Amino acid sequence: MAHGDIYMAGAVLSFYVLQWFGNFWLALIIVPVAIGLISIPIERFVLRPFEGRPAVTMIATVGIAFIIQQGVLGIYGGTPNKMPDPWPVYVNLLGVGYPGYRIMIACISVLIITALWLFLYKTSYGILIRATIQDKEMASAIGINDNRILMATFALGGVLAALGGVLAAPINQVFYLMGNDVILLCFIVVIVGGLGSLKGTLIASLTLCTLEAGMTMVLKPIEARVAIFIVMILVLVFRPKGLFSE
Amino acid sequence: MKHRNSCQESEETGGGLHSLMERIKVKRSSLLFLLVLLLIIMIGPTLPSGIMSLMLEMMILSIFAMGYDICLGYTDQCSLGHSLFFGVGAYGILLPVLHFNVGLWLALLIALAITFVFGFLEGLISVRLSEAYFVIITAIFFFIFFLLALSMTWLTGGDDGLSVQIPPVDLGFATFSVYNRLVNYYLVFFFLVITYIILKRIVNSPLGNVFISIRENQERASFLGYNVFRYKLAAFVLSALFAGLSGALYAIRLRYGNADFFGFSWSVNPIIWSLLGGMGTLVGPCIGVVILSLFQYYVSGWWSQYLVIVGVLLIVVLRVSPKGIMGYIRSKTQEVRWKKVQA
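Quick mapping for you: the protein sequence lines, in order, are chains A and B.
Going by the working numbering, 179 is the number at position 179 of the first sequence; the sequence numbering is gapless.
Going by the working numbering, 83 is the number at position 83 of the second sequence; the sequence numbering is gapless.
Just chain B, same shape as in the assembly:
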């Protein structure tokens, strides 16, 4: 699961020329980012509703995936229990709206606050444990709350779930219903961009470097004086927060939440996304989401036991490409750059 970023090594060889190229590359990548942004904004109104809902799902799950990768890809904590936060986020928004009739923004805040508390408490217990224990403990956590959500029907609605109508949102200059397709689309898109920007900043900050140093060598990081437990906890809570956010958005989109939000598939999927797309990157997990969503959308239509394929896929991806698709792309571009530098 550990891989070294050879980018730093190659940077020194290039000298002044290389730094120029690096700057152009940064510009190119941010240009690409803006292009994708514009494309998604422009494409919104023209989409047919089937594709639109698929897009929405992908965007919501991308938030989950990017957050999860902070945990798995940046600090090497392989959590098997993020569905807990996904479900908590969903119920965190459903219950206040249902019982206290609060508005969207306040409900979102409440959902995030509850997820934070859950993530922090679970993190306190589980983060300091060793790798194998961590996987099992997180699995136990989500399993217990899954069972609880199934049985506490008075609160969660159990298998039947709760359906809810989110009141219209007041943006100051106008009011919108969340259930307008376009409003929903742009709302989710807004959160996706916010998530990307926040996480990008964190990853590029000193904090992100500490995360990576913990991933590469936890003992060395603690010898350097970093409080490894605290940083790992921070990464865990951060990823829990975004899982909660995406759970809340998912519940808003479906106007509905049931105990399945805590289910096993929401724990396993983020791992597949990250592995498939590439751990330790932000774009990679999103690519993983797109691939797996398309796959589920089309395959589950004609074969109900597509989970077999998911299982095979999981093993094959683990085996073939530990760095995922992004890792592959990166190594290719690096090869090309090396050739240029040598020539």
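Isolated chain A (complex conformation):
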């Protein structure tokens, strides 16, 4: 629940870093690390007591989201700001000038997804994470420090959300409610793909976003989003646990 606002916080922080240091690439490194460091104590002191009770944890993250959102509103203000294009290069793509920054984002996200997949499925640490999520008690019984794993997972989620926020900041406007736009789509994607399945999430996000983008050509944006929502309901009716869950 709080990840939409962590995403927003990433964007806002990158706006500040850009102001202070004047370098976007620096923000790309500093901000996710900072957010990751912040999210570790959040997990340890706020969410740890509710561990094992998903609904309560979610409500607690709603509380966190409130705090982040209103805090940003208080410090950063309610007016949206535009960030300058960090890489003002236009690539000639099939005769159309396409902003180079967007292509770069595509490359970076492919890189990150590959890295994440390799991390989760090919490294020993990834195996530990998956084992802990599958059966926490069993994992801790065979000597995995499950608390540290959960902390690391939460921090990793925060880092990725912040990275997304930083990358999206120059494209969208930096606004204290920008997380709300994303979180709905994220929820739908995760539900359709199935919780705990990287492959499912990836496929669902690609298809759904293509679908939405395709439909905005003929429909209004809101109608396109409703159409995606209907797709989600259909998926849930036939596969209650999402398309790719095990």
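No wet-lab data here; the hints were simulated from the structure.
From a predicted model like this one, the values you see are computed outputs, not experimental measurements.
One or more of the hints may lead you astray.
Unchecked claim - If the Cβ cut is set under 8 Å, some of the chain B residues that face chain A in the computed set are: (1) Ile-125; (2) Ile-136; (3) Ala-139; (4) Leu-147; (5) Leu-148; (6) Thr-153; (7) Trp-154; (8) Leu-155; (9) Gly-158; (10) Leu-162; (11) Ile-271; (12) Gln-305; (13) Leu-307; (14) Gly-311; (15) Leu-318; (16) Val-320.
Glycine included, each C-beta is placed from N, C-alpha and C at the ideal position.
Please arrange chain B on chain A, whose structure you already have, making use of the hints.
Just chain B, lined up with the frame of chain A:
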């Protein structure tokens, strides 16, 4: 979120003496109920209008809170999307009055019927899912309809909303305008009492026991032969109905409704009410409403970002007292009773 009611255990130890005490206690609680009833009725005409509107808001939201607790406190379904029903109830009463010029009672019936349909359809899809999915799905539902209400300005008025004049009500012996302060007060109060009585009866009936057994152990309830899905759906629809009722009353009070009736705060507030006041009780959520309303009324005046405090409050309440204020009171009274029984 699960807690066991230790009342049953202590009942056996007391024997005949205890059953007598139990009867006195029941009498005492119903006496207290009547007293509160009378107090609210008597106090009505004397209230200054500021306090009156605060009282009205509290009573309307109490209906919402008690209904919501059937879902959260009795069957352990943590819905994050009850603002959908709140908004549907509000528009369910605004649109018929505005377009078809129907009377108050018919409009209320229409509002409840529409809420029922919404609750039933959403319940069919979402109730059978596991806990984490349920929270997310209900959130998606209300979010989609929130966006729809914002964008379909021809129907809902979007952010600007619709304002409406409810025609005077004919009670057979006299006609009243809903906008008379006292009439509005007693109307809302009437619905609050009705809600309390209906829910109290449901909670104390076998159906309520099934709800509690589902909360305590869903698998065991299904082993005992109960169709868990159907009971959870019933609880969900029931809570949706009362959310719709309170949304309708809220719209009547404000003579107005806008897309904010679907907003996030109406989804989060019921959770805070229930947690603060005590889940699995009917009075608890009302206490939660009173506290949070007073809090918002006074704090939002001098600090616009009081939502930060709401967020902190949410986490602290979750952390400190999973049973809420009512749970605390109950455990205290039980302690006292235990001491009496032992002595």
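Against the structure, the hints:
no.: 1; hint: Ile-125; verdict: holds, 6 Å
no.: 2; hint: Ile-136; verdict: holds, 5 Å
no.: 3; hint: Ala-139; verdict: holds, 6 Å
no.: 4; hint: Leu-147; verdict: holds, 6 Å
no.: 5; hint: Leu-148; verdict: holds, 6 Å
no.: 6; hint: Thr-153; verdict: violated, 11 Å
no.: 7; hint: Trp-154; verdict: violated, 13 Å
no.: 8; hint: Leu-155; verdict: violated, 13 Å
no.: 9; hint: Gly-158; verdict: violated, 11 Å
no.: 10; hint: Leu-162; verdict: violated, 19 Å
no.: 11; hint: Ile-271; verdict: holds, 6 Å
no.: 12; hint: Gln-305; verdict: holds, 5 Å
no.: 13; hint: Leu-307; verdict: holds, 5 Å
no.: 14; hint: Gly-311; verdict: holds, 3 Å
no.: 15; hint: Leu-318; verdict: holds, 6 Å
no.: 16; hint: Val-320; verdict: violated, 10 Å
Checked against the numbered hints given earlier, this structure breaks hints 6, 7, 8, 9, 10 and 16; the rest are met.
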